Amino acid sequence: MKKPSLVHHRRTPVGAPPGTLIPDEKAHPTTIRLMVIDDHGIERREDVDLDGLRAATRSGRRLWVDVIGLGDVELIARIGEIFAMNQLAIEDIANTNQRPKVDFYDEHPLIVAHMFDGRSVASKEQFAIFFDSRHVVTFQERPGDCLEPVRQRLGAQAGRIRKRGSAYLVYAILDTILDAYFPLVEALGDELEEIEDRITADPRPEDVRRLHGVKRELLIVKRALWPTREMLSAMSREDLDLVPREVNQYLRDAYDHAVQLIDIVETCRELATGLIDLYLSSVSTRMNEVMKVLTIISTIFIPLGFLAGIWGMNFDTASPWNMPELGFRYGYPAALVFMAAIALGLLALFRRKNWL
Amino acid sequence: MKKPSLVHHRRTPVGAPPGTLIPDEKAHPTTIRLMVIDDHGIERREDVDLDGLRAATRSGRRLWVDVIGLGDVELIARIGEIFAMNQLAIEDIANTNQRPKVDFYDEHPLIVAHMFDGRSVASKEQFAIFFDSRHVVTFQERPGDCLEPVRQRLGAQAGRIRKRGSAYLVYAILDTILDAYFPLVEALGDELEEIEDRITADPRPEDVRRLHGVKRELLIVKRALWPTREMLSAMSREDLDLVPREVNQYLRDAYDHAVQLIDIVETCRELATGLIDLYLSSVSTRMNEVMKVLTIISTIFIPLGFLAGIWGMNFDTASPWNMPELGFRYGYPAALVFMAAIALGLLALFRRKNWL
Amino acid sequence: MKKPSLVHHRRTPVGAPPGTLIPDEKAHPTTIRLMVIDDHGIERREDVDLDGLRAATRSGRRLWVDVIGLGDVELIARIGEIFAMNQLAIEDIANTNQRPKVDFYDEHPLIVAHMFDGRSVASKEQFAIFFDSRHVVTFQERPGDCLEPVRQRLGAQAGRIRKRGSAYLVYAILDTILDAYFPLVEALGDELEEIEDRITADPRPEDVRRLHGVKRELLIVKRALWPTREMLSAMSREDLDLVPREVNQYLRDAYDHAVQLIDIVETCRELATGLIDLYLSSVSTRMNEVMKVLTIISTIFIPLGFLAGIWGMNFDTASPWNMPELGFRYGYPAALVFMAAIALGLLALFRRKNWL
Amino acid sequence: MKKPSLVHHRRTPVGAPPGTLIPDEKAHPTTIRLMVIDDHGIERREDVDLDGLRAATRSGRRLWVDVIGLGDVELIARIGEIFAMNQLAIEDIANTNQRPKVDFYDEHPLIVAHMFDGRSVASKEQFAIFFDSRHVVTFQERPGDCLEPVRQRLGAQAGRIRKRGSAYLVYAILDTILDAYFPLVEALGDELEEIEDRITADPRPEDVRRLHGVKRELLIVKRALWPTREMLSAMSREDLDLVPREVNQYLRDAYDHAVQLIDIVETCRELATGLIDLYLSSVSTRMNEVMKVLTIISTIFIPLGFLAGIWGMNFDTASPWNMPELGFRYGYPAALVFMAAIALGLLALFRRKNWL
Amino acid sequence: MKKPSLVHHRRTPVGAPPGTLIPDEKAHPTTIRLMVIDDHGIERREDVDLDGLRAATRSGRRLWVDVIGLGDVELIARIGEIFAMNQLAIEDIANTNQRPKVDFYDEHPLIVAHMFDGRSVASKEQFAIFFDSRHVVTFQERPGDCLEPVRQRLGAQAGRIRKRGSAYLVYAILDTILDAYFPLVEALGDELEEIEDRITADPRPEDVRRLHGVKRELLIVKRALWPTREMLSAMSREDLDLVPREVNQYLRDAYDHAVQLIDIVETCRELATGLIDLYLSSVSTRMNEVMKVLTIISTIFIPLGFLAGIWGMNFDTASPWNMPELGFRYGYPAALVFMAAIALGLLALFRRKNWL
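Chains as they are written, first to last, in the working numbering: chain A, 1 to 356; chain B, 1 to 356; chain C, 1 to 356; chain D, 1 to 356; chain E, 1 to 356.
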């Protein structure tokens, strides 16, 4: 599994004026996908150019402008001009190290969210949404996203989503982005419970490494979720003409989902902390057992070995003072019995100390 | 004991429109139990169908509609229509991964609670309550609950509960659900105190595993309790026509119970943390003792064994330089005395180091 | 020392209607002590019955009704009726697992506090106070309390306390109950400093057990103190006709005392946490020293013992290739010198590694 | 270094009426120092008696009454009467276990602060300040304080401080008391950085003990600082006639100093926590190294010693089955080569396991 | 890498009057750089003296006065007088241990920030900004800063920054100072991820030391960032005539950057905590493995060595009771087989214990 990075490097140089756009050579080239929405259905156009976009805005119909790839900062700046976006908003769109937030520039909100593909935490990308009463303009870092169901609902015959205003479409997009957090967070929770089972049964060093990996991914998801919750709360609190009262209700529902996700993430994080404790105490306990075995064996056999060494000495038995026991008739059996007695005595001692 | 899962998996696919109901094939089939309440008593009907339900609502009498099992999402949607529930409310009822909360859709509250059977944390199920001035509609995941006493009080001769409005019945249900937390939390507290006694007396690895299990269950109960407290607080703060001032007083009493439960849970959690510390320091201390025994034995007998090995060497004693001590008259006793002196010296040293 | 329990078991069954009173067969039988207060002194009557109590309330004089023991729930309910107490208040009085709190039922406050005898944390009992403009009714679990000084001040010649209203008497009771926390908390602090001295000098396993015991008692006191602070704050904030402005000043003083107590308890808890760290690092350090001694001894003597073993082998010295050194004239002294050189070399190595 | 105590014992008995003053036989005898302030200079009188004090108050000039030593509670009560202090204020002055705070009794503030001498945490004493428009009355536990510079500024020719009102003098005293925290806290910070250097280089058990001592002192300073910050904030928020707008600005400056001090203390506390971790991981790592040496030596020499033991056995070589290798021509060299091979093999294994 | 100090020592003596300026002999000598701004460009003058500064202020043109080095407190006080700064503001400028903050003295803000050079945490210096409608006066501790890009933008042909008021210039300076935090924080994040990789692969003691160093630097950056965030928030909340609505928008953008930085720093700190856990559990696990090897080797060979010792004893085989096995025909092979059986039995036991 690719390790997702925790720190996203800024490209803007120190001291650049606000609104500076720095092209990122590793960024995906920019293309525009246009969805023209009217009451009867949608028209989907890929790879639209600036002129096509301008023409579409003049048509008076509702639009979802889907800007994919942030490689061409010039083009992004032009798109911003078409929709009269604030320069700071355009900077936030192009510099993909923003936290999720909503900024209200002259009443036109710019929403920044973090989008995952629902399978891997490493798939995180910045997703920015600008909208006014007729247009929704979204900016994503790479082609491919979790929003295809929204596009299908837009095109569907009875698409409730098509008949409602921009704010409802924005809600639908945000809710879908949040929905894609669920499989991710649930997978992390499942992996944690697996690690829990294994640590309970037989703790191994790789479990701690996996645990660290899960904690790291939870940290990334948490960093995306907390400001998302704030953003949704700010969206539904702010009394915007753009957001009708009915959509507000849906935003509160999305807010509930964010709170649910945070609840799962925090629970997982707490469980992970408990698992570190469990692992450490398991390792301590095992070490204790290993040490006991070593100590018991050593404590019994090292003294016995010493006795055998004594009677293996080569003192000259010519002197009656030197090792007379070696000449005794029952010397050897007596020595063995003596050794066995010592061993049994030590075993009894260990049993009394509760080591056996 | 079955290990209760921490993460409940969502069934709604990513990007589904709000209000989407996905049948869960593992869910219990849906049945409706109806309690028709009037001043003289209650009439209890099991397995009512939709027509029966519609007829009952038209009778003008007060109803408690008890929907058991969430397997038939179609039926649930129809019940929702009868009582003019909001689509988002119906979605929350059917998707059983909600946190406890209260939502006010057009003044008609939807309450979501977590219900336990009072015996096991694994029995957690989502319990949703919708009510208006005449009807209380409750949705639970499985047959069997802790609410039988409420039904009996409804039917009882002098049942105060029968004469009061819907809000009081809702309070009675919520209070009973909270009541069922007490035996659960008390059992966890008792188990903790048992583990505490055992860790103090003789710490064993299985104590840590049980401790982890208790912490895990406390985590689940805590996750249910904190939002329940918020929900009860929101219920009594919100100035609803549906909730008369007198019932508000009872809700504050239920709120007090939730705070009591949280207090116990947090105390247990803090105690559990202290027990981990106690266990780890006990294990460390024990290891220390084991190591001391090993070190004392090794430090005494390994040098002595070396000496015995020296005098067991086979140097040719023909040379006067080679092992003349082996030929001394008192060589052996002197060697033994020397060894004893070393052993006693080391013991004295250990005593001075405070190891004995 | 008796270990005080952390979880107090509820007796009310799940689903009982609010206000249910369940007799506790282990509770102390209920008696009533009456203090009739007028400007000239007090009259103290023990073991008053209900009729006596009713007569006294009709006399129009100020009363302190002291209900001791909660065994007779019937009697308690009757006393409640005499003073027109709310049913929920009576339930809180009889079920002694309440947190400290103040409830305002129809402007008549019910205060719940936790009382200690000033000597042992295990002496905790629930103390409930109901008051109106003329009566103070207190309920305690057992005979014997820390309130005798208040009773004496009531009876004293110049007793300021007698001339002021119910609210001042309630303040005097609450302040005295809080006063009794001080010796308790100070004793815990002293014990902690003692444990600290011993852990610094010579850490022993029983110090950790005592530390755990102190932390446990601090947890219990903390659980009583934090809600007590909230209760006193609510009392002085709430603009009650019953509490004159002058008494409010005294309540703020009691609030200050609660804050002081919390400050001491939190300091003690933080110190206790630091002591666990100190203990664990002491044990680790000691283990390290023990291990070094073992390693030094083993590393020196095991190789030397091996050499002695080599020269103790019985290869047939008839072959000139077999153990010729055994026949050397200076073989033995050379072997001893060689061994000493190895030992000194290893000692030098250990010194360079900073192990000696 | 004398270990400062964490818990200051109360002297007032449980249940004493509010305002009770208990003489403390260990307290310093009480003396009064008077500073009479007018536009031209100050007059300083030591050991003034009550009559002198009364006369001075009647003179209509500004006074700083400096009460030193709290041994004579009678005298303190009299001084309180002269300035019409509230009885609760006098109690707080005499009972020196108050937290820093400001109480507003009938608009006349009583400030309680903790004063250090700037050298040792053990020098903590309670410092109480009462003031009205003309008088500042201060109470300290012992002679000797950090306020001499304030007295000199009062007497100085161009003393700005003399021309301003009581509130400015109170500010000057408070700011000087806070100033004396800086050398204390800086010394603790320096000691921590010293301990840090030593733990990084060569961790020793006494470092942990010193670390514990520093943490303990930081805890004491923290307990003094947090409520001091609240007190200063309350002083500048409260809209008192006594405190002109200009002095308010200075109080905010003092508040800034308190925040700076808290910032340093919290940083030090966090560093101290990190040092415990560093120490424990250093000790673990060292233990690991020690254990590796022991294991390598034992694993190599114990098997070799066993082989030497085998060939040292005395089986009767008359039987051709018994130890024929002892009679081989190259038996001994072969044995040595075999042993060396085993040793080298084990060393290679250790190197592969990354132990060497 | 030079270790940056955590505690900056104050120079003002205890009890000094507010506004006291103490020269710091180690401080850099003070020079003034002047930038005279008009619509057509800027004029940059180095080493201006006080008279030159006074003349420039009288010219009515906009100025950026750049005071470099705080060694000459006299000069700083004079500069303060020219711009009518408050005495407390001047004290804050000269005493470089302030936390980041904004103070509003008579509507003229004094901003204190911490500036880094973007490369090393040790480069921290205090940066103070005073401004009114025409002048921006900045004070820095040393020559050299990260503000050269701002000066270039001021001089650039189309410099938007030149045409806007003081508040915009102040914003540009603050934003650039914040910008210089990014490379610093990103470098710390990168170093953490490197340490993470190494601890996962092969934990070494120097990793913990580097980890401690990174945590220490994060602590310093955190201490600078949190109050900076508060300062920016206060700047944009406060409704100042000096700060036009348009600049407020930019300040909120700078506030967003501060929040981003805090987010990165807190994430890094959490990761660092996780790494300590990972390191400790790795070390424990390794110790466990080492101990197992030692125990297995000892447990197998110590008993075998004892047996070899037995049969190496020199009991006089003249007695038929003494060591008859030495004379058996198959004594030696039988002994070897017996030993091998013991070894294999122990290995089987270890395998069953899951140690192999």
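Hint data in this document are derived by calculation from the structure and do not stem from the laboratory. Fair warning: this is a prediction, and the values are worked out from it, not measured in the lab. Any given hint might turn out to be false.
To be verified - Quick list of in silico lysine to aspartate or glutamate cross-link-like pairs, EDC-like style, CA-CA up to 16 Å:
#1 C:Lys222 - B:Asp202
#2 C:Lys292 - B:Glu289
#3 B:Lys163 - B:Glu246
#4 A:Lys353 - B:Glu270
#5 D:Lys3 - C:Glu148
#6 C:Lys222 - B:Glu141
#7 E:Lys353 - A:Glu266
#8 C:Lys101 - B:Asp197
#9 A:Lys222 - E:Asp277
#10 C:Lys222 - B:Glu74
#11 A:Lys222 - E:Glu266
#12 A:Lys292 - E:Asp263
#13 E:Lys3 - D:Glu193
#14 B:Lys222 - A:Asp202
#15 E:Lys163 - A:Glu289
Results of checking the hints against the structure:
With a C-alpha separation of about 28 Å, the suggested pairing of Lys222 (chain C) with Asp202 (chain B) is violated against the 16 Å cut-off. Of the pairs offered as hints, the one joining Lys292 (chain C) and Glu289 (chain B) holds, with about 15 Å between alpha carbons and a cut-off of 16 Å not exceeded. Under the criterion of a C-alpha separation no larger than 16 Å, the hint pairing Lys163 (chain B) with Glu246 (chain B) is consistent with the structure, at around 13 Å. Proximity of Lys353 (chain A) to Glu270 (chain B) is assessed by CA-CA distance (about 32 Å); at most 16 Å being required, the pair is judged violated.
Restraint check: the Cα-Cα separation between Lys3 (chain D) and Glu148 (chain C) comes to about 37 Å, which exceeds 16 Å; the hinted pair is violated. A threshold of 16 Å between alpha carbons decides the hint, and for Lys222 (chain C) with Glu141 (chain B) the separation of about 39 Å lies outside it, so the pair is violated. Restraint check for Lys353 (chain E) and Glu266 (chain A): the C-alpha separation of about 37 Å exceeds 16 Å, so the hint is violated. A C-alpha spacing of about 32 Å is found between Lys101 (chain C) and Asp197 (chain B), which places the hinted pair above 16 Å, so the restraint is violated.
For the hint linking Lys222 (chain A) to Asp277 (chain E), the alpha-carbon distance of about 20 Å lies beyond 16 Å, and the restraint is violated. A distance of roughly 52 Å separates the Cα atoms of Lys222 (chain C) and Glu74 (chain B); the hinted pair therefore is violated under the 16 Å criterion. Restraint check: the Cα-Cα separation between Lys222 (chain A) and Glu266 (chain E) comes to about 12 Å, which is no more than 16 Å; the hinted pair holds. Distance hint between Lys292 (chain A) and Asp263 (chain E) is unfulfilled; the C-alpha atoms sit about 47 Å from each other, more than 16 Å.
Simply put, Lys3 (chain E) and Glu193 (chain D) have alpha-carbon atoms about 10 Å apart, close enough for the 16 Å limit, and the pair holds. Pair hint Lys222 (chain B) plus Asp202 (chain A) does not hold up; C-alpha atoms about 28 Å apart against a cutoff of 16 Å. Straight-line distance between C-alpha atoms of Lys163 (chain E) and Glu289 (chain A) comes to about 77 Å, which puts the hinted pair past the 16 Å bound.
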